[in-house]
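As you go down the protein sequences, you meet chains W and S in turn.
Residue 100 in this note's numbering sits at position 113 of the first sequence, with consecutive numbering throughout.
Residue 428 in this note's numbering sits at position 37 of the second sequence, with consecutive numbering throughout.
Don't read these hints as lab results, they were simulated from the structure.
Capping the alpha-carbon separation at 27 Å, the derived lysine-lysine pairs in DSSO-like fashion look like this:
| id | chain 1 | residue 1 | chain 2 | residue 2 |
| --- | --- | --- | --- | --- |
| 1 | S | 459 | S | 447 |
| 2 | W | 44 | S | 429 |
| 3 | W | -4 | S | 429 |
| 4 | S | 447 | S | 462 |
| 5 | S | 459 | S | 445 |
| 6 | W | 44 | W | -4 |
| 7 | S | 429 | S | 459 |
| 8 | S | 445 | S | 429 |
| 9 | W | 44 | S | 396 |
| 10 | S | 445 | S | 396 |
| 11 | S | 462 | W | 44 |
Source: prediction; values computed, not measured.
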Amino acid sequence: DSGVTQTPKHLITATGQRVTLRCSPRSGDLSVYWYQQSLDQGLQFLIQYYNGEERAKGNILERFSAQQFPDLHSELNLSSLELGDSALYFCASSGVAGGGQNIQYFGAGTRLSVL
Amino acid sequence: DQQVKQNSPSLSVQEGRISILNCDYTNSMFDYFLWYKKYPAEGPTFLISISSIKDKNEDGRFTVFLNKSAKHLSLHIVPSQPGDSAVYFCAASAGRGSTLGRLYFGRGTQLTVWP
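Put together the whole structure using the sequences plus the hints.
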């Protein structure tokens, strides 16, 4: 168990709809990252928040937005959904591993299916 | 633009033998590299990392080698075990400070270890 919690695990919706994915980072971690993994692709970085502020942005579509709340949980909002948005969405938080390495811990992901 | 490349989508190895997974990168600003393992329906799990100031890092059965001049790294697993069967992702980061920045991922290599 990484300590990063993502809900829901699965989401099935229709084109044109809007959904919200939720992430709770590990206790004490201030940074949250969102990644998208489409079929047979590596994880593509979407956006990073640090202590409530946007820190970095990747190839995130304008239809997508995110925020991090005072309790450090984060939400990724996807609107006007298209078939191509079907993917696994991962959230990660960063911390120090047992060996002292600075790493990202990943949640189990939310599988989004747009029909 | 794929800045981290894993050119072998799959690798099959007999139990007890060595598994070698390769990764190439193009961005000379990358200074920290990580390997993650991913089982189906789970998030990526951190395996091992290496800083650009080193050329080798070892942790039990796992060793990562970094060749900066060739912009190449490899993960060696010896001896390989059936439980190692998973998708392995290579990831890289640039300008690592106290907070880990975004990770750039390869597309992954599916390792199958057969008895």
